[in-house]
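Spelled out, the chains give:
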Amino acid sequence: MTAPLVAMRGISKRFGPVQAVGGVDLTLNEGDILGLLGENGAGKTSLMNVLFGTYAADEGSIEVGGKAATIRSSGDALALGIGMVHQHFELVPRHTVLDNLLVGGAGASADRGARSGRLWRRSVTERLAEIGRDFHIELDPGAFVGDLSIGEQQRVEIAKSLVRGARILVLDEPTATLTPREADGLFRALRAMTARGMGVIFISHKLGEVIDVTTRITVMRHGRVVAERPNDGGLSKAELARLMCGRDLVPPERPPVTVGAPLLVLDRVSTGGAGGLKNVSLTLRQGEIVGIAGVSGNGQRELADVVAGVLAPSAGTISANGELVPNPNPRAMQAHRIGRVPEDRMTTGMIGALPLGESMVLPWIGSPPFSRGGIIDRAAIRRFASEQIARFDIRTSGPDARTGTLSGGNLQKALLAREIARDPAILLAAQPTRGIDVGATEFIHGQFLALRARGGTVLLISEDLEELFALSDRIAVMYGGRILADLPAGEASIERVGLLMAGVEEKAA
Amino acid sequence: MTRLRLERRLETPAALQVALPVVAVLAALLICGLLVALSGTNVLDAYELLFLSTFQTSDDLLDTLVKASPLLFTGLAVAVAFRAKFWNIGAEGQLMFGACAAAFIGERQFLPAFSLVPLMILGAAAAGAFAAVIPALLKVRLKVDDVVTTLLLNSIILYGVMALLEGPWKDPKSGYPNSPVIRPDAEYPILAGYSLHLGVLLSLIAAIAVWWVMRRTTLGFSIRAVGENASASRYAGIPVGRVILIAALISGALAGLAGAGEIAGVRFRVTSDLSSGYGYAGIVVATLAELNPLGVIPAALFFAILFNGAGTMARTTGVPIYLADVIQGVALLSMVSLRLFAAYRFRLVRHA
Chain V
1 MTAPLVAMRG ISKRFGPVQA VGGVDLTLNE GDILGLLGEN GAGKTSLMNV LFGTYAADEG
61 SIEVGGKAAT IRSSGDALAL GIGMVHQHFE LVPRHTVLDN LLVGGAGASA DRGARSGRLW
121 RRSVTERLAE IGRDFHIELD PGAFVGDLSI GEQQRVEIAK SLVRGARILV LDEPTATLTP
181 READGLFRAL RAMTARGMGV IFISHKLGEV IDVTTRITVM RHGRVVAERP NDGGLSKAEL
241 ARLMCGRDLV PPERPPVTVG APLLVLDRVS TGGAGGLKNV SLTLRQGEIV GIAGVSGNGQ
301 RELADVVAGV LAPSAGTISA NGELVPNPNP RAMQAHRIGR VPEDRMTTGM IGALPLGESM
361 VLPWIGSPPF SRGGIIDRAA IRRFASEQIA RFDIRTSGPD ARTGTLSGGN LQKALLAREI
421 ARDPAILLAA QPTRGIDVGA TEFIHGQFLA LRARGGTVLL ISEDLEELFA LSDRIAVMYG
481 GRILADLPAG EASIERVGLL MAGVEEKAA
Chain E
1 MTRLRLERRL ETPAALQVAL PVVAVLAALL ICGLLVALSG TNVLDAYELL FLSTFQTSDD
61 LLDTLVKASP LLFTGLAVAV AFRAKFWNIG AEGQLMFGAC AAAFIGERQF LPAFSLVPLM
121 ILGAAAAGAF AAVIPALLKV RLKVDDVVTT LLLNSIILYG VMALLEGPWK DPKSGYPNSP
181 VIRPDAEYPI LAGYSLHLGV LLSLIAAIAV WWVMRRTTLG FSIRAVGENA SASRYAGIPV
241 GRVILIAALI SGALAGLAGA GEIAGVRFRV TSDLSSGYGY AGIVVATLAE LNPLGVIPAA
301 LFFAILFNGA GTMARTTGVP IYLADVIQGV ALLSMVSLRL FAAYRFRLVR HA
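As they're listed, the protein sequences go chains V and E. Those letters in the first sequence? Residues 1 to 509, by my numbering. Those letters in the second sequence? Residues 1 to 352, by my numbering.
Keep in mind that the hints are not guaranteed to be accurate.
To give an idea of the chain V side of the interface with chain E (calculated C-beta under 7 Å), a few residues [what the hints assert, rightly or not]:
no. : residue
1   : 334
2   : 335
3   : 342
4   : 347
5   : 363
6   : 365
7   : 435
Listing some non-contacts, in silico: residues in chain V with all C-beta distances to chain E over 10 Å [stated by the list, open to error]:
no. : residue
8   : 66
9   : 92
10  : 258
11  : 286
12  : 358
13  : 390
Because the hints were derived from the structure by calculation, they are not lab data. All C-beta atoms in this analysis are idealised placements derived from N, C-alpha and C, irrespective of residue type, glycine included.
With these hints in hand, go ahead and build the complete structure from the sequences.
The structure is reproduced here in structure tokens:
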């Protein structure tokens, strides 16, 4: 039997008081697609960062191909044939695909002599063509990365590792921003790689695709491996979820609710610019969750910004609770009882450097009880934050903790707590569970359904189709800044929505 | 094999925040000690004169407080502006503009005597605020880089004033390019000794007031929020542009008050060397104070001691007076470098 591609033994990593990884063993064999599961903060990413040389482990050893390895930097990792595709791509948008591959001297290590100029470019181009054939990763070397779709950019990232001769590929949440078709393409490529003796470590929160794609599954919780199973058909989503959270998850129930008066009406709204909204009309009524599906970059961000009041429409009108909003801005939207959860928790939602309590009253600081006559009541801020922390079960040391120290899921809960606290009638939620573990996701979904049951409405913008289908009463699909279709949940199938997401318009029946 | 690694800290310990400026200053003194040694003087003798001459007599002490007052004002001016990420390098020019306003009001014969001091204070604050709000408007409305505009405005103001002092505003009774002396009624009252004027007290009150505003008011909250994350602030409904303008107005007004103190309490007329770098020193003061308005007080005192002591040291030992400027510069660089320790932790890592 050949030595495993990677054997990590007894890996421990501590950040201050937090034991991120505690004595973890992990083996990756040739031909394996290893699914690495776990809630946020379970230690998956830390473990992979140790493998990729971003962090040094406090304890433990790593063997690559049966030989003890010292990995001190990503350069070491790449030299050992370990490639990593991060959630956020590390590409230069203004460079061509080929230039992005050349950054860092890809393919030069094998043949130093070819490093100079044209020969090198030609050898990498040939290598890219080979990779395209072998792994179904076709790429035009001359295309500018900025012009590529997210799925294509991901292929560039993968090609970057493959060109350097990676035998081991780590993918962190690779399908979070892909269309179903693009995801299928990715899975095909991964299978082609493992067929040629490579190994893949696949980190994902989407249990369905993990069961579909992987050959083995390792589940982490609180920095330890709690389960290791071969994926031989006997695994269910419910079982995996239980292993991840240590408890059973209840799928969201969507009891029938009477749909009432329109709460948020967008009437032929357009925003300027090439990527802007074009004539978007949308009505959200009491007791409705309306999902917006679409590949990222098709106007969802602009739609969210318009509803949030940070992007003024160039044409069209917005009405909330039956009143026209004459001059949409963040304050006006708040005044019309629109709660707003932005896509970027850290950059537009909260302020990392401030104490959590202050981040949680950011929109409300100018009104009682948090301030009177311009003078802040610090005790009131503390009290409010403490209440919300308890109510939403936000894991933090308290209202004085720096906002930036919270994990993604807890940050999102805090943001949602802030926006729900003032009893909104309308809730805008953009990518509310992206990168968030199943436990926190379940909680957040519960909050949406509770608002729906109270006669409110939720505008749910998400790239996670599973989420959209589980929650939405209606699903609208965006493409190129327009709403291509607005379907009742009963009439929306994954196939139909998937086609619309790709821009295939339906002919009127 | 053992190596040093940097790891990001989640939180900066409070003790470290106090220790950093102290270490920065000590590091600066250590490095500058080499320069003193090069000039052939005993380092300890020189430093003794530099720091202890200030404490010889009570008048020396009061002189130090007088010297600290403009540094306190400009340090506060920079601290407020930097909190909002309005990079105000223009306290020097704002101080000069405020001083001109104060001097101009102070020599008006038609004004009633009792109104002179209040009007000078208000006029200087308004003039300083005006000089700061121009680059702030350019930044907010047209996205013009504030470092460049505030810095260059210093030269425009300084040379503009010098042109006035050589021409229309020149005191006919003086051979130098000075403005006429202000009326005796326009001088700040002396509170103690021969030199401790009202401006010193005002600067101390200003420090406490700025601290209170930054910490306890929605305005201060907004300034901090905008500085830390403008896009989140905008999203939450804070009028980001207006907050930056207000921070600039406060900053400029504080720098203008430094100018008023120099006119009404020290020089009594505008001279071309009126500021001697208080505006730029304010940047160092605010940085050492980590932009904390109360921390500005000890930082301003330290540099006042340094500047006053440098004269005595130079006269007695032959170490050039410019050593004080070098220490100031090195302290700034040390502090900025030491910030690394606030954000990161160093760890020794042993590799197999």
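Quick rundown of the hints versus the structure:
| no. | hint | verdict |
| --- | --- | --- |
| 1 | 334 | 6 Å, holds |
| 2 | 335 | 9 Å, violated |
| 3 | 342 | 6 Å, holds |
| 4 | 347 | 6 Å, holds |
| 5 | 363 | 4 Å, holds |
| 6 | 365 | 5 Å, holds |
| 7 | 435 | 18 Å, violated |
| 8 | 66 | 16 Å, holds |
| 9 | 92 | 24 Å, holds |
| 10 | 258 | 33 Å, holds |
| 11 | 286 | 25 Å, holds |
| 12 | 358 | 7 Å, violated |
| 13 | 390 | 22 Å, holds |
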